[in-house]
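J.: For this one, chain A is given, so just place chain B on it according to the hints.
Protein sequence lines correspond, in order, to chains A and B.
The numbers in the first sequence follow the numbering used here, run straight up by one, and end at 485.
The numbers in the second sequence follow the numbering used here, run straight up by one, and end at 190.
Source of the hints: derived by calculation from the structure; they are not laboratory data.
Built from N, CA and C at the ideal position, the CB exists for glycine as well.
The reader is advised that the hints may include incorrect statements.
As the list claims (entries may be wrong) - If we take Cβ atoms under 10 angstroms as the criterion, some of the chain B residues that face chain A in the derived model are: (1) 43; (2) 83; (3) 85; (4) 111; (5) 133; (6) 134; (7) 140; (8) 149; (9) 157; (10) 176.
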Amino acid sequence: MIDGDALARAPLQHAWQTRAEPRAPAETGTVPDAVTRLLAHLPPSVSGAGGDVALLRAATEAATVLGPLVSREALASALERALTDSYNPRCAPPWPPAKLAREASRAAARWSAEETTRGVLTRVQATAADRETDWTRPEPPVEWYCEGLGIAPSSRKVTLIGGDPGAGKGPLAGHLAACFALGLPALGRFPVRRCNVGYLDFEGAILSARRIRAHTRGLGRDPAELTGRLILRDTDPDELAGSLHSGPGGLEWLRAWIETHSIEVLIVDSYMSATASLDVDPNSPAFAELARRFGALGIVAILLAHARKLGARRGEAPMLGDVAGSFALAGLAQTAIAVWRPEEDEPLRARLSCMRAPDEPFAALDVEWIRSPDGLTWRAVSAGTRRDNASADRDSRIAFAAKQVLGFLAACDGIPRSLSAIRAHVRAPGGNPGAKDTVRDAVLAMRECGWLYMQAQTRGEVFGLTAQSPAPADVACSAGKLTVA
Amino acid sequence: MTPRGQGLRTISFGGIVPAKPPMIELSLYANAFARTPAQIIVTEWRDLAADIGQLLELRAAEKTALPALAPHALRDGATRSLAGVDRVTALMIDVDTVPGNDLGALLDRILPPAIVYASPSDAPERRRVRVLAPLRRPVSPMVSAHLRCAYAESLGLAPGCGVEGALDCAHLFFVGALDGTPAREWWVVD
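Next comes chain A alone, as it looks inside the complex (with noise of 0.2 angstroms):
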């Protein structure tokens, strides 16, 4: 008899897979002709004259030229053989063959990314074209795979989960992952269709895989169960910067994964990390590119985006634009789900929040994760709207900062203070400094309970403490109102 969980984990040692098969002729050995007379009747690179645009116009019109005629594998190195023999030797003075090969290298990446819009273009005109919408039909049914998180399939879409490193994103995408696989709802409220799930670790599967196998425990169930339905993949980004162009729609050993498994949810850890081999500016649209192609697999493509560094706000949720990359990332997410930390000195209490849903966007709540000799767990420690979250953190900014108000005109001996020095003494949970709006709003709703006095100086305003004002550990806020507690 035949273990086949031994010889599952035997590595192949051939490619057993069919390749698709280059575009035959004129691969790399001889200029065409075609190119050769275009290049004779562009001007040449003259140093001092606008060199350095003549050679990209000659490698970009060369690109036009070369690029129907070989294969995208082979049109650099094409172009590169076009330009030494039929451009390089009328520019003065000639350009070093590393230069060359650069300019080669982004013309061709260029124009396959052209030609992969153009395709994509096509495609889509004609699909609105053949598929006029029947407006007498009755509309279809989403078909949910989480409808609690608004998960579920689209065409050309994405499911994002943005938020900061370390904000605990990884921890839902694993629980998520195995939710998925054993059928078992998320985070305990949301059901989830039972599927195969593929997980695309680009930061190390080891990790991840533990970080599974203790939600799968923490989940009361074995992850031996999960054999077969969660498909953890340790990917190099290498590999899949190679295969973009590969097949009709790229990806083509990720399509073949994905038929073989039968996933039909893709979880990838994380997008920035994929598109590491890119050489894509992250603020630029084409850093949306490989996730419109995740999008176009036709399965749930959930990817986990780290949000971008400046714009993430301490505290606060990130909102859609903020996640890492262009708008072009952003525009491409059906659902997108925010992932942050309300307060800074509770790291493992995370905030869901709905940035994005195709339909009703799902209540924010607050979920701690627990490591425990039993596994992973959650305690969801608090939903409300996002409104009502907003709401809350803001009572709790606000309240923070009173304390800290109470704790600084104390120590300041009866003496009153500016409003500009108590803001130099409060801290933001975290330590940093107070937001200005924050203290203001502080001073004002302490004021308004008789806590402060203030007094109107030649300098400005001065704020002191009254005799109502109580300790700084008893104050709490409620919807913007200071009490004592």
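T.: For chain B alone, coordinates are given in the frame of chain A:
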């Protein structure tokens, strides 16, 4: 371009191997166009060998009219498709090109237990056989393709021998002989 499957590093979550080998479960389809099995064969290994011998005696004018075996069990109510397969109960590979056309050498490399039978298009000048080997326990259809490739490699087979044409675990393997051709041979490696 990265070839499919190359560098695949799939992490197994392990499992429990039963002490007693289970019964072999195969789906028997009436012909190439059948969407659901005509019969579910659930039997012990030694009985299956006899069943295969009987099936090989069946004849038809065209290959597509022959009955076909599939080493899988479908989900309840499902029709034959990759998504419809619930579990794979045995490994079956399609060897359309025996290395050196030396079938004896191939049979020598097969570890027991296994059944090897000639396909309907088998001919002396080009041997075409199917190898059926039971699994210790049913496996998920997700790993079936990998297992078939790994099993083929363990027999010294490489891409191009025909195995890659039938990696889909929903694939059928015809059994029987075409009209006017000699009786199909079969071997039990036990």
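J.: All hints, please: hold or fail.
T.: Okay, the hints, checked on the actual structure:
Because the smallest distance between the Cβ of residue 43/B and any Cβ of chain A comes to about 15 angstroms, over 10 angstroms, the interface hint for this residue is violated. The closest approach between the C-beta of residue 83/B and any C-beta of chain A is roughly 5 angstroms, which is under the 10 angstroms cut-off, so the hint is satisfied. The interface hint given for residue 85/B is met, as the beta carbon of that residue sits about 8 angstroms from the closest beta carbon of chain A, less than 10 angstroms. Among the interface hints, the one on residue 111/B holds; its C-beta lies about 8 angstroms from the nearest C-beta in chain A, closer than the 10 angstroms criterion.
At its closest, the beta carbon of residue 133/B sits 5 angstroms from a beta carbon of chain A; the interface hint therefore holds under the 10 angstroms criterion. Taking 10 angstroms as the C-beta cut-off, the interface hint given for residue 134/B holds, the closest approach to chain A being about 5 angstroms. Taken as an interface hint, residue 140/B checks out: its beta carbon lies about 2 angstroms from the nearest beta carbon of chain A, inside 10 angstroms. Taking 10 angstroms as the C-beta contact cut-off toward chain A, the hint placing residue 149/B at the interface holds, the least distance being around 5 angstroms.
Checking residue 157/B against chain A by beta carbon gives a least distance of about 9 angstroms; that is within 10 angstroms, so the hint holds. Against a cut-off of 10 angstroms between C-beta atoms, the interface hint on residue 176/B is violated, since the closest Cβ of chain A lies about 25 angstroms away.
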